[in-house]
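The numbers in the sequence shown follow numbering that gives the first Met the number 0, run straight up by one, and end at 91.
No lab work stands behind these hints, which were simulated from the structure alone. Just to be clear, a hint being listed does not mean it is correct.
To be verified - The calculated lysine-lysine pairs, modelled on DSS-like cross-linking and capped at a C-alpha distance of 25 angstroms, are:
| no. | residue 1 | residue 2 |
| --- | --- | --- |
| 1 | Lys66 | Lys30 |
| 2 | Lys26 | Lys66 |
| 3 | Lys51 | Lys66 |
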Amino acid sequence: MKKYPVYSVQNFSCNDIHRDFYVNTFKEHLKDHSFVEEPHRHDSYLMVFFTKGSGQHEVDFDQFEIKKGSLFVLQPGQMHHWNLSEDIEGFV
Numbered sequence: 000m001k002k003y004p005v006y007s008v009q010n011f012s013c014n015d016i017h018r019d020f021y022v023n024t025f026k027e028h029l030k031d032h033s034f035v036e037e038p039h040r041h042d043s044y045l046m047v048f049f050t051k052g053s054g055q056h057e058v059d060f061d062q063f064e065i066k067k068g069s070l071f072v073l074q075p076g077q078m079h080h081w082n083l084s085e086d087i088e089g090f091v
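Could you build the full structure based on these sequences and the hints that come with them?
If you want it as structure tokens, here you go:
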């Protein structure tokens with residue numbers, strides 16, 4: 000059985016808001032976290048809101064369309080990955 004990485008919120012940083020809390024624009028997030036295109040999990044809740052662009056989000060092997068206004072909320076441990084357009088924008 001293939002092992003998929005589990006990412007902790009402490010793997011991310013943003014303006015020293017709080018060690019256990021992360022918020023960023025999706026474009027800035029992608030600069031240092033290109034792994035989003037590969038299946039992975041998080042050990043914390045994840046909320047992503049898209050304001051521009053398109054793509055697909057696979058969560059626990061179910062496909063969801065990404066478009067302007069899409070909001071995704073994931074629980075710890077859910078397997079997911081993204082297939083994103085070049086013009087994607089939003090917040091994580």
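Okay, the hints, checked on the actual structure:
1. Of the pairs offered as hints, the one joining Lys66 and Lys30 holds, with about 21 angstroms between alpha carbons and a cut-off of 25 angstroms not exceeded.
2. As the CA atoms of Lys26 and Lys66 are separated by approximately 15 angstroms, the hinted pair is consistent with the 25 angstroms bound.
3. With a C-alpha separation of about 7 angstroms, the suggested pairing of Lys51 with Lys66 holds against the 25 angstroms cut-off.
Checked against the numbered hints above, the structure violates none of them.
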